[in-house]
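J.: Sequence:
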Amino acid sequence: PNLRLSPPPLWSLINPNQYDSMPLQFSRGCPFNCDFCNVTALLGHRPRTKSAEQILVELDGLYKLGWRRSVFFVDDNFIGNSRYLKEELLPALARWRKGKTGFAFHTEASINLADDNELIQLMVKAGFNKVFIGIETPDNASLAECNKGQNVNRDLVEDVKHLQRSGLEVQGGFIVGFDSDNQSIFQRQIDFIQKSGIVTAMVGLLQAPPGTKLYDRLLKENRLVGGMSGDNVDGSTNIIPIMGIDKLRNGYLHLMKQIYTPRQFYQRVKTFLQEYQPPKIKTSISWQHFLAFFRSVYHLGIVNRERRHYWDLLFWTLKERPAQFTTAVTMAIYGYHFNKICELHIF
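The sequence shown runs contiguously to residue 554 in this note's numbering.
Calculated from the structure, these hints are not laboratory results.
Possibly wrong hints are sitting among the right ones.
Here are the simulated lysine-lysine pairs, DSS-like style, with alpha carbons at most 30 Å apart [said to hold, decoys possible]: (1) Lys454 - Lys526; (2) Lys337 - Lys526; (3) Lys305 - Lys487; (4) Lys487 - Lys420; (5) Lys305 - Lys337; (6) Lys402 - Lys332; (7) Lys454 - Lys427.
All chains, please: the whole structure from these sequences, using the hints.
T.: What follows is the structure in structure tokens.
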């Protein structure tokens, strides 16, 4: 359908106090065709966009509702039509945000964003401070196997650090279980995640959604088992991996335990904070922020058995990166949450 005909959401139907972030969609479709992804099968290769005016109307509705927190542009690949972003949407967002408090934006994009400094600067100026990127794997053979050509033969760690230094926190998606993967992939993923300082690392087993090239290939090879869970980080898969399911699951379990143990996680936060140059976004401080901090002190700094890592991070931040103290506390809370999710679904 033509997104230019899409009506604005009826924000008055929701209670904003029940949400941490609000979704907006600027475009659908992706110019790439990763074989495990069903975006192009569902929404096509050619990115279709709303107008800048439509997005501003949706933002105005949120602002009138009293919303002052983050907004997630849920596009499949936000930079699919970079020309329109540069010429229309991002300048319009920058003008709209002048004099307003809050409204930090985050989105999803491909790694080639790191090649376009003009686009990065415009995004940061418009209020973007986070971007989710499908890194998938540091292995070039696996990237070529899944048709992720945009990631092949790149210094992916330096790409991530460039985005961090430019004001964008990179959240990464990773996959293990490609046919080209061997037992070394689990430690290579751990090393990459730690070195890059990607604090939020979403790691899952390879899955084959219906409608994808991967699904069709594995169906012909009789390597599909059951259906997908719909959760790509619950440690499940609907494929029969070349390395064997037990080796894959055991390696995945080791990987997740490593990156979300407090020692590794807090070290990764420090690595991130050493690179990150946060953009200047006016935010309002509410009683909820103070409550969250004091809760973190109690749960992470007093009750938790790994409390020494929490205090070490806070004191290190006060000494080395005092302007990023709030970010450090936020990351510590993230780590606690991620560890609990892993304990619930994976460990």
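J.: Flag every earlier hint the structure violates by its number, smallest first.
T.: Numbers 1, 4 - these are the hints that the structure violates, sorted from lowest upward.
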